[in-house]
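Q: As you go down the protein sequences, you meet chains A and B in turn. Sequential numbering of the first sequence, starting at 437, is according to our numbering. Sequential numbering of the second sequence, starting at 124, is according to our numbering.
Check before you lean on any hint, since a few could be wrong.
Computed cross-link-like contacts, SDA-like style, restricted to lysine to any residue with a CA-CA straight-line distance of at most 20 Å [unchecked claim]: (1) A:Lys857 x B:Trp269; (2) A:Lys741 x B:Leu280; (3) A:Lys611 x B:Ala168; (4) A:Lys857 x B:Asp156; (5) A:Lys857 x B:Val392; (6) A:Lys1012 x B:Trp269.
Source of the hints: derived by calculation from the structure; they are not laboratory data.
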Amino acid sequence: MIQKGAWGLASMAAVAVVALSACGGQEAGGRMAATDSFCASVLPKVDSFEAKMRAEHPTPKDPRYGGTVVVGTIGELSDGMNSLVASDFGSVQHQDFLNQMTLIQYDDSLRPIPYLAQSWDVSPDDTEITFHLRHDVYWQDGVKTTARDVAFTYERATDPRTAFPNPSYWDRYVKGPNGVEVLDDYTVRIHMEPQQEFMDPWRALAIMPAHLLEDVPPDQLKDHPFNTQCPVGNGPFVFVEHEPQDRWVFGPNYAFPQALGGRPFVDRYVYRIIPEQTTLLTDLLTGGIDIYIAVRPDQADQVRKAPNLRLIHFPFRNFIFVVWNSRRPQLADPRVRRAITMATNRKEIVQSLLKGYGTIANSTVPPFHWAYDPSAAGGLPYDTAAAKKLLTEAGWIDRNGDGVRENPQGVRLAFTIKYNKGNQTREDVAEIMQAQLAKVGIEATPRVEEWTTLKGELISPGHRDFDGAVMGWVSDFKIDDTDLFASSRIDQPYAWSGTHNPTIDTLLTELAEPMSRAKARPLWVRYQKVLAQEQPYTFFYFPDRLDGVNERVENVVMDARSDWVDTKDWWIDPAKRH
Amino acid sequence: MRRYVVRRLLGAIPLILGIATLVFFVVNLAPGDPAQYLLSRGMSAGVLAQMRHNFGLDQPLLVRYLKWMGSLLTGNLGYSYSYDRPVLDVLLTFLPNTLLLSGCALLLAFLVGMVLGTVQAVRQHSALDSGVSVVLLFFYSMPSFWLALMMILIFSLWARNVWHWPLWFPASGMHAASADLMSGGERLRDALMHLVLPVTSLTLLLTAGIARYMRGSMLEVVRQDFIRTARAKGLPERSVIFKHALRNALLPIITLLGLYIPLLFSGTVFIEYVFAWPGMGKTIVDAIGTRDYPLVMGGSLLFATMVVLGNLLADILYAVVDPRIRHD
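Could you build the full structure based on these sequences and the hints that come with them?
A: And the structure:
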C-alpha cells in the first residue's frame, strides 16, 4: 500500500518534471507570450515587416552568414532598450550597437563618424548643429526613421519629468522643444551654447521611435513594456525575446541599410545573464558561452592558456579610488590627503590585485585619452618618509605615544574606510590601506556596508555619513568633473569629497569652453596637476577591461569604445558551428 | 477535521496580513530607496526628487501603507520598479523555475533520505551505518555555494575538458542558448541535462537531515512491542519494516515536510546564483538590493502564505497518518 502509493506519487512527479521542463515558459519559435496590449499590437508588425524584408533582401551566398553567438556576463540589462531611461552600462551598449542607432559613432581614434546622421554642419558661432539623416533607415515595424524621431528623443531627454539618467549631457544645450527644430523629414537642427566635445552625447544617445512612444507621459517611460518586453529599434539587430534574469535574444535586421553593411552575419545573438563569475569561466571553457565579458584578473591566465580561447584586454574608462570626505576634521587638510596617497603602495596593489592588468590612476583622465599627462602625477610617489614629514608639517604628531597621530586639539588621525559588500577588490583595497597607513601613524578601519546604504550615505546632502569610501566611476569620453569637484555643486548628490578649490573651479569652467584639442591640452595638464595637489580622492587604478572570446567567433574588435563596437561584423567559423 | 481546517485557514488571514505589515515597515524603513539606487552621474537633487515622485515615494509612509493594503485586498500586488511589470507577473515568471528545481530536489531528498534512514536503522552499528553517517555528515556540513561550484567543476569542466567523459553536464542555465530551435525531444533532453547538477546539489544538501530524522525515528519504532509481535507472527522482514514500522516512523518526516514546503516557493539563493537558475530566491534577494519595494513585499507575502499553508498541510497529514491524533 505504501509502496503502491509511493510508486503512484513518483510517477506523477516524474510527469510533472517532464512537463515543467519541456515548457519552461517558451513558445515554439522563440517568442515569449506578450503580456501587454502594447506589445501585442507592435510585435506582429515587426514580424511581418521583417519577413517581407527577408524576402526582398536574400542573404548573399557568403559562408560567413549564419550561426549563433552567445555572450555571457553577470549583469542583466535592467533598463532595456529605452535610451531615455537606461542608466546601466550593458543596456546602453545594446541600444547603441545592436538594437538602435545613434546619430554618430566613434572611430578607433575617438573621432565622430557618420551613422544615422550621414553628415552634419556646425554653425560658425558654435551654437547650432544641423544633422542630415540617412534616407534609408526603417524602424523594425516598417515606419521610416525621420527627423521627428530625433526631435522627440531630444525633447524627452531634456525634459525633467523623464528623469533622464545623464542630464549632464545637456548642461550647455538648449533644453526642451526650443532646443530642436525639424527642418524637413531628414534634417534636424539642435541649439546649444558653445562647449567642448559637444558631439559626445550623440555618440551615446540612441534615437527612440516617436510613433510608438510619443503618447506615453514622460514620467511613465520608465515603466513602459517597450523597454524590456517589446523594444523596436532601427539598428542591425531585431529584438526576439527576453526572459528576465536569464537571457536576451536578438536576430538580424534584414532592412538594415546595405551601405552600412546590411544584415549582421550571425543568425542569432544571445545575451546570457550568469551571476557567478566562476560559472561564467566554466561556461566559456566548456562552450556554454562564446564570449565572457569582464573576466576577473585572476581568471585571465586560464583564458589565455586555453587552446580555443583568446583574451582581449584594453584600457578602459572606469577607475577605482578612495573618496575622502573633506568635511571631516581629520581629512580637511590637502596635505593629509596627499600624505595618505604617498603612504600607499599603489603599484604593488595593481600588481597583486589586478595581476598587472591595469594602470595607476592619478586623476579622472584615462591613460588612452588625448588629454592624459603621465607626468601630472604631481610628485606623489610611494614614499613613507615623505608622507610622515608632510603629516608632521600639517600638525599631526603622535603626542601620547599610542602609535596614532593627533592634531593640536587632540583629535586623533583615525577614520573608517567604507566599501560595499560583495566586491572583493574593494575590500582588499580597504584592508591594504589599513595596513599601510598604520605604518605612518594613521588608524584606518575598513567597514563593510550594503551597496544601496553606502550609496545613500555618499549622495545625501547634509547627511554624508562617511570618512573615506572605496568607489568606482566610469569616465565618459567627454571628461567633465564639474559634478564631482565644482564648489557650485557642493550640495548636489555627486559632490562626495566636498571640494572647495577656486583654482579647480576656474579650470573646470575654462575646460568646458569649446577649443581645439591642441589648445585644450595645456589646460588639461594643469588640471591634472592641481587635482593631484588637492587630492580629493586617492586615485588607484584604471583596471584593464578583460574579455574572453572563443576562437570560433571571428572579427571581434573590442576597445575603449565598447566591447560590442562591431557586433554586427562578428561571424562564426562555419566549421565550428553547432 | 473540516472545521479544524476552516478555523486554521481563517486564523491564517490576520497572521499573513500582520506579516505583510511588518515586512512593509521593515523594508521601507531600511536606509536608501530605489531612486537612490538608480542615481547616476549628472543627476541633480532635482532629478532625484522627480524620480522619487515618479515612484510615489514622496508620500508619507502611512499613506503608502494604506494604499498598498488597499490594493492588496483587491488582489493587486503593485508594479515592480526593476522589472517594469506587475509584481504578480514577475512572481509567476520565476515561480515555475523554482518549483521545478526545489520540487525535484525535495522529492529525491525525501525518497533517498527515507530509504537511507531506514537502512541505517535496520543495520544499526554496522559498517554500512557508520559509512552512510560519515558521507551524510560530510554533505550536510558543506557550504551550499562550495558544493555547487564543485559539482560544476567536476561534472562540467573536468568531465568535458580534462577526462573527456562521454557524458558531461552544462555549467549553468535552464536550457541551451538555441533551445527554442530544437525539436521537442531534443528540447526535453536539453532541459533534463540542465536540471541534473542543480538538483543533485540541492538534494545532497537536504538529504542528510531527512535521513538522520528517519534513522532516529525508525530506531525508536523498531524497538516497540508491536514490531516484536509482527516478527513473532512470522511476517517477512520487508513487510515488518516497510508496512508496519515505516508508517509509524513518519511523524518527524511530516514535520520536516511542513518545514520544507516553503522551499518550493522561496528557492535557494546560492544554488540559483551559481547555476544562473532564474528563480525566486535570487529574484527577491536582488529586489532587496535594488529597493524594489513592491516586489520584495509581494514575494514576502507569498512566502508567508506558503509557510502558513505548509504548516497547515503538515498538521493535516499528522491526522491522516496517525489515528491517535485528532483535530476538531
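Q: For every hint, state whether the structure bears it out.
A: Results for each hint:
1. A:Lys857 x B:Trp269: Answer holds: Lys857 (chain A) to Trp269 (chain B) is near 19 Å, not above 20 Å.
2. A:Lys741 x B:Leu280: Satisfied, since the Cα-Cα distance of roughly 15 Å is no more than 20 Å.
3. A:Lys611 x B:Ala168: At roughly 18 Å apart (the allowed maximum being 20 Å), Ala168 (chain B) and Lys611 (chain A) satisfy the hint.
4. A:Lys857 x B:Asp156: OK: Lys857 (chain A) and Asp156 (chain B) at ~17 Å, within 20 Å.
5. A:Lys857 x B:Val392: holds (16 Å)
6. A:Lys1012 x B:Trp269: violated (33 Å)
Comparing the model with each numbered hint stated earlier shows that hint 6 is the single one that does not hold.
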